[in-house]
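Place chain W on chain E using the hints.
Protein sequence lines, in the order shown, are assigned to chains E and W. Start counting the first sequence at 1; every next residue gets the next number (my numbering). Start counting the second sequence at 1; every next residue gets the next number (my numbering).
These aren't lab readings, by the way, just hints derived from the structure by calculation. A few of these clues could be false.
[Stated by the list, open to error] To give an idea of the interface, some chain W residues facing chain E are shown, with a C-beta separation under 7 Å as derived from the structure: (1) 112; (2) 114; (3) 118; (4) 127; (5) 296.
[To be verified] Simulated restraints, written as ranges between beta carbons of each label pair: (6) E/457 with W/209: 56 to 62 Å; (7) E/508 with W/157: 21 to 27 Å; (8) E/167 with W/98: 53 to 59 Å; (9) W/369 with E/507: 37 to 43 Å; (10) E/151 with W/109: 54 to 60 Å; (11) W/157 with E/432: 52 to 58 Å; (12) W/436 with E/395: 39 to 45 Å; (13) W/209 with E/395: 20 to 26 Å.
[As the list claims (entries may be wrong)] Derived pair list, reagent style DSBU-like, types lysine-lysine, alpha-carbon separation capped at 35 Å: (14) E/126 with E/24; (15) W/385 with E/528; (16) W/299 with E/271; (17) E/66 with W/81; (18) W/441 with W/407; (19) W/441 with E/522; (20) W/302 with E/271; (21) E/66 with W/23; (22) E/93 with W/299; (23) E/66 with E/24; (24) E/24 with W/302; (25) W/49 with E/21; (26) W/49 with E/24; (27) W/385 with E/529; (28) W/385 with E/514; (29) E/269 with W/381; (30) W/381 with E/512; (31) W/441 with W/381; (32) E/93 with W/81.
Built from N, CA and C at the ideal position, the CB exists for glycine as well.
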Amino acid sequence: MKEAVGIIRGISGPTVIAEAKGLKLYDRVYVGRSMLTGEVVRLEEGRSIIQVYEDTRGLSIGEPVKSTGMPLTVRLGPGLLSSIFDGLQRPLKRLEEEIGPFITGGRELYGLDYLRRWSFFPLKKKGDEVVEGDFFGYVEEGSFKHYLISHKRGIIKWIAEGEISLNEVIAELEDGTELFGCHEWPVRVPRPYRRKLPACEPLITGQRCIDFLFPLARGGTAILPGGFGTGKTILEQSIAKFADADIVVYVGCGERGNEMAEMLEEFMKLKDPWTDRPLMDRTILVVNTSNMPVAAREASIYTAVTMAEYYRDMGYHVLFLADSLSRWAEALREISSALEEMPGEEGYPTYLASRLASFFERAGVVETIGGRTGSLSMILSVSPPGGDFTEPVTQSCLRTAGAFLMLDTSLAHRRHFPAINWFQSYSLYSKDVVEFFDKKISQEWSALRQECNEILQREEVLREIVEIVGMEGLQDSDRLLMHIAERIRLEFLSQNAYTEDAFSPPEMTLKKIKNIVEFYNKALSSLKKGISLEEILR
Amino acid sequence: MRPAEHSYRTISSIKGPLLFVEKVFSALTGEIVRIISPSGEEREGEVLKIENDTVLIEVFGETKGLDIKNTTVVFTDSLKKIPLSEDMIGRVFSSSFKPLDDIPLPVPEKWAPVTGYPMNPVSRARPEEFIETGLSVIDGLNTLVKGQKLPVFSCAGLPSKEVVAFILRNARIRKTDLFKKEEKEFVIVFGAMGLTFQDYSFFMKTLEEMEAPFVAFINMADQPVLERLLTPRYCLTVAEYLAFDKSMDVLVVLTDMTNYCDALREVSTAREELPGRRGYPGYMYSDLASIYERAGRLKNIKGSITLLPVVTMPEDDITHPIPDLTGYITEGQIVLSRELHQKGLFPPVDVLPSLSRLMQNGIGEGRTRGDHRRIANLLYKYYAKGRDLRRLEAIVGREGLTEQDRKMLEFADLFEREFVNQYNQVAKVSVRRDIIETLDKGIECMKRFRLIGD
Numbered sequence: 001m002k003e004a005v006g007i008i009r010g011i012s013g014p015t016v017i018a019e020a021k022g023l024k025l026y027d028r029v030y031v032g033r034s035m036l037t038g039e040v041v042r043l044e045e046g047r048s049i050i051q052v053y054e055d056t057r058g059l060s061i062g063e064p065v066k067s068t069g070m071p072l073t074v075r076l077g078p079g080l081l082s083s084i085f086d087g088l089q090r091p092l093k094r095l096e097e098e099i100g101p102f103i104t105g106g107r108e109l110y111g112l113d114y115l116r117r118w119s120f121f122p123l124k125k126k127g128d129e130v131v132e133g134d135f136f137g138y139v140e141e142g143s144f145k146h147y148l149i150s151h152k153r154g155i156i157k158w159i160a161e162g163e164i165s166l167n168e169v170i171a172e173l174e175d176g177t178e179l180f181g182c183h184e185w186p187v188r189v190p191r192p193y194r195r196k197l198p199a200c201e202p203l204i205t206g207q208r209c210i211d212f213l214f215p216l217a218r219g220g221t222a223i224l225p226g227g228f229g230t231g232k233t234i235l236e237q238s239i240a241k242f243a244d245a246d247i248v249v250y251v252g253c254g255e256r257g258n259e260m261a262e263m264l265e266e267f268m269k270l271k272d273p274w275t276d277r278p279l280m281d282r283t284i285l286v287v288n289t290s291n292m293p294v295a296a297r298e299a300s301i302y303t304a305v306t307m308a309e310y311y312r313d314m315g316y317h318v319l320f321l322a323d324s325l326s327r328w329a330e331a332l333r334e335i336s337s338a339l340e341e342m343p344g345e346e347g348y349p350t351y352l353a354s355r356l357a358s359f360f361e362r363a364g365v366v367e368t369i370g371g372r373t374g375s376l377s378m379i380l381s382v383s384p385p386g387g388d389f390t391e392p393v394t395q396s397c398l399r400t401a402g403a404f405l406m407l408d409t410s411l412a413h414r415r416h417f418p419a420i421n422w423f424q425s426y427s428l429y430s431k432d433v434v435e436f437f438d439k440k441i442s443q444e445w446s447a448l449r450q451e452c453n454e455i456l457q458r459e460e461v462l463r464e465i466v467e468i469v470g471m472e473g474l475q476d477s478d479r480l481l482m483h484i485a486e487r488i489r490l491e492f493l494s495q496n497a498y499t500e501d502a503f504s505p506p507e508m509t510l511k512k513i514k515n516i517v518e519f520y521n522k523a524l525s526s527l528k529k530g531i532s533l534e535e536i537l538r
Numbered sequence: 001m002r003p004a005e006h007s008y009r010t011i012s013s014i015k016g017p018l019l020f021v022e023k024v025f026s027a028l029t030g031e032i033v034r035i036i037s038p039s040g041e042e043r044e045g046e047v048l049k050i051e052n053d054t055v056l057i058e059v060f061g062e063t064k065g066l067d068i069k070n071t072t073v074v075f076t077d078s079l080k081k082i083p084l085s086e087d088m089i090g091r092v093f094s095s096s097f098k099p100l101d102d103i104p105l106p107v108p109e110k111w112a113p114v115t116g117y118p119m120n121p122v123s124r125a126r127p128e129e130f131i132e133t134g135l136s137v138i139d140g141l142n143t144l145v146k147g148q149k150l151p152v153f154s155c156a157g158l159p160s161k162e163v164v165a166f167i168l169r170n171a172r173i174r175k176t177d178l179f180k181k182e183e184k185e186f187v188i189v190f191g192a193m194g195l196t197f198q199d200y201s202f203f204m205k206t207l208e209e210m211e212a213p214f215v216a217f218i219n220m221a222d223q224p225v226l227e228r229l230l231t232p233r234y235c236l237t238v239a240e241y242l243a244f245d246k247s248m249d250v251l252v253v254l255t256d257m258t259n260y261c262d263a264l265r266e267v268s269t270a271r272e273e274l275p276g277r278r279g280y281p282g283y284m285y286s287d288l289a290s291i292y293e294r295a296g297r298l299k300n301i302k303g304s305i306t307l308l309p310v311v312t313m314p315e316d317d318i319t320h321p322i323p324d325l326t327g328y329i330t331e332g333q334i335v336l337s338r339e340l341h342q343k344g345l346f347p348p349v350d351v352l353p354s355l356s357r358l359m360q361n362g363i364g365e366g367r368t369r370g371d372h373r374r375i376a377n378l379l380y381k382y383y384a385k386g387r388d389l390r391r392l393e394a395i396v397g398r399e400g401l402t403e404q405d406r407k408m409l410e411f412a413d414l415f416e417r418e419f420v421n422q423y424n425q426v427a428k429v430s431v432r433r434d435i436i437e438t439l440d441k442g443i444e445c446m447k448r449f450r451l452i453g454d
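One chain only, chain E, in its complex shape:
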């Protein structure tokens, strides 16, 4: 029941001041006659300040403000996979069907289709006991079993079977509690779990540079900062395509519309390399392009991460990708400055770091309430202004993220992609994950990794010498090393995202580096035998 609780007293850009009673902080409200979605961000004596998620043009003083009595929520249930939502979980395809190709705003659409029929398979029967977190049944969502989770303890009185839709009761407990196929969850509240587990299994990305040099872990967090043109988006999308995850949630946060169009088209066509099913089957897209309302951009990453957590709770390995976190931080800054809060560094609010940290904490390997293991990994791109990594967003992320994959403008200019700088990047998961690779893939993994690192280090030193004396002035063994390092860079670390090579499983990664390093060792011993370098390289 939406009852009128107040009227608009002032409007300034996306911020609306209302005289209202009975509002709670972070309540979701409908503003004005056109029912724009907003969120209460501050309460003062007699007036409430509301952040509106849509264009406020045309709004006038005296129009009503209605409260939903609920915070900003997402609807969780079957039908999220292969959908495309905006930052407020409005399905963009249905929005297009209703209002055409331009988003003219002020339209409430539910994230889930309540009329769609699903086949329900009960996992419990009448008289069974369920506890919180138990699966009482599942529906088939594409190729996934979408488990439905009980939120209460009790004895099942009756349970449905066969066709259901989301607005029907599916099961009832002895105490009268009704269980539905979907529910709402406030986006800013992390979903609960029993306990967190350490992240030590690898998240295979299919990118040699990442998997071999800076491996990521399931349940870990990584940031991907780089100036424009360094290939952040291409890399994020490649990871979204090839990563070894069950479910991928991708947020296009304040980025280009054309990129999203391209991505949609590709994801429809491409196959998941791990299961050979259409890629879109395992993907949820949340899109808020740079010209869509700023406040919804701030909410979009929360909307997305809540959906990711929902699938994690079913025991899936979920990968969350956002491009780019800087746009989120900028939206936060815009909102903060509209609220006339005291600015911190570069105008960002001082709570930027703590917000980021608590956001990163939503990642992790967890034991769910139901006792299963699920993980939520995050890979987030950052767009530092001017490519300067000393700015607040990158620096705040560095304090919490487990891996730092720095994208280098000079590598990008040399058309070396992915342009991950191998000296400055790091991964705190390397130790555990490399051990895992040693066990599962090959004993040689860590030794080869060490050798590869040494060659690259040595090349950097020699490069400075070459600048002065030229290639001709080097010893044969050093010239050989330069040659090998070049091969590592060109054949191993670079990967063309537009060819077959875009995805490299760990076995292939190992084979490639092994070939190069073995050739190097053979060539070294040939050099010692007195064979000339020219002859060896031929």
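Frame of chain E, contents of chain W only:
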């Protein structure tokens, strides 16, 4: 009840382009107001902020000559809209939407809000059709496609004006079907912000000589800054109408976005907003995106909007907020270089930092030519190698280089002189090259050094 139009004489203060009006019964955000000065002159303004019955108005024209007592403010109960008609083609307008040719405004077919609406990302079609600019560096190596936004990054003193004029004169869409009846399918919308008189006469001359149909909006350097903020929006509103209502392919050329951003900063400071980097407002990214993101194509609709903004990098610094934020939104960039300009080459485009992100989709068999990708990759590779060696040459001298390296150096020189350069010293004009000529030129350059077989 809201009165349709209501007027007040309750101004409480005037500050720069801002006007406070008190005791207003009911105003809309974004509502257009007419401000009538004591001498009877009219100008427009927009409601920016409302707090109880006090309204803050931003004036689009000059605030000179307004006073507190006798100025009337009329609230019109409508948002900022402009009249649109196909007959606008071939006309030049001022930034206050007055025709510069003294002929009355065409009869409007529809009115549309200047800020437009965001395109639904799922309705977008992916840009993949080639647009020929006539410049080899762009067509061959940084191909522009329909629906793309590709800025030109220039520095003070570089001939960005001439590059723009060249594109205005020579841009066209390649006909795949040569026998198709010539229609008004390709239109250029030209927007100039903060033009000096000298630039103005230059561009007016260019427009006169243009073959392609056009619509132009001109904002002069001495005209109000708020109109400068409106100019690109007028252009894109017209472009959206021509593209999506009239199924035309529209190329929007905006020069110079640096003037636009400076105007944005000026207005933001007047509003006493918190300044961001270098004094530019924190929302500049979103503001620029609201312009640049209007480029694109839609599924099931024939037209397209392609955007070519010009940005002058202050202090030649590509990390300055204006080029930086632009680069984060646009799909690549064309970078002009002082060094090439000093060598007397035109267009002085530095190939290495330039990039067209959407090129991959727009080239190849059926779009340009089957060997396009290969030629572009090879040219880039050899030129980059040559440029790299130039640094080494400066240290160790040409004698210290291998024969192969010397060949690369010579190739880089030839590439700049023959491929990049299109200025004919003898005829003193820049000559247009179509895509086939461009690709053949590339092959010819490489053949001379035996870098490519037959």
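Each hint tested on the structure:
{"no.": "1", "hint": "112", "verdict": "violated (11 Å)"}
{"no.": "2", "hint": "114", "verdict": "violated (11 Å)"}
{"no.": "3", "hint": "118", "verdict": "holds (5 Å)"}
{"no.": "4", "hint": "127", "verdict": "holds (6 Å)"}
{"no.": "5", "hint": "296", "verdict": "holds (6 Å)"}
{"no.": "6", "hint": "E/457 with W/209: 56 to 62 Å", "verdict": "holds (59 Å)"}
{"no.": "7", "hint": "E/508 with W/157: 21 to 27 Å", "verdict": "violated (51 Å)"}
{"no.": "8", "hint": "E/167 with W/98: 53 to 59 Å", "verdict": "holds (57 Å)"}
{"no.": "9", "hint": "W/369 with E/507: 37 to 43 Å", "verdict": "holds (39 Å)"}
{"no.": "10", "hint": "E/151 with W/109: 54 to 60 Å", "verdict": "holds (57 Å)"}
{"no.": "11", "hint": "W/157 with E/432: 52 to 58 Å", "verdict": "holds (56 Å)"}
{"no.": "12", "hint": "W/436 with E/395: 39 to 45 Å", "verdict": "violated (51 Å)"}
{"no.": "13", "hint": "W/209 with E/395: 20 to 26 Å", "verdict": "violated (53 Å)"}
{"no.": "14", "hint": "E/126 with E/24", "verdict": "violated (40 Å)"}
{"no.": "15", "hint": "W/385 with E/528", "verdict": "holds (32 Å)"}
{"no.": "16", "hint": "W/299 with E/271", "verdict": "holds (23 Å)"}
{"no.": "17", "hint": "E/66 with W/81", "verdict": "holds (30 Å)"}
{"no.": "18", "hint": "W/441 with W/407", "verdict": "holds (18 Å)"}
{"no.": "19", "hint": "W/441 with E/522", "verdict": "violated (44 Å)"}
{"no.": "20", "hint": "W/302 with E/271", "verdict": "holds (30 Å)"}
{"no.": "21", "hint": "E/66 with W/23", "verdict": "holds (26 Å)"}
{"no.": "22", "hint": "E/93 with W/299", "verdict": "holds (13 Å)"}
{"no.": "23", "hint": "E/66 with E/24", "verdict": "holds (12 Å)"}
{"no.": "24", "hint": "E/24 with W/302", "verdict": "violated (49 Å)"}
{"no.": "25", "hint": "W/49 with E/21", "verdict": "holds (23 Å)"}
{"no.": "26", "hint": "W/49 with E/24", "verdict": "holds (25 Å)"}
{"no.": "27", "hint": "W/385 with E/529", "verdict": "holds (34 Å)"}
{"no.": "28", "hint": "W/385 with E/514", "verdict": "holds (28 Å)"}
{"no.": "29", "hint": "E/269 with W/381", "verdict": "holds (31 Å)"}
{"no.": "30", "hint": "W/381 with E/512", "verdict": "holds (24 Å)"}
{"no.": "31", "hint": "W/441 with W/381", "verdict": "holds (16 Å)"}
{"no.": "32", "hint": "E/93 with W/81", "verdict": "holds (28 Å)"}
Of the numbered hints listed earlier, those contradicted by the structure are 1, 2, 7, 12, 13, 14, 19, 24.
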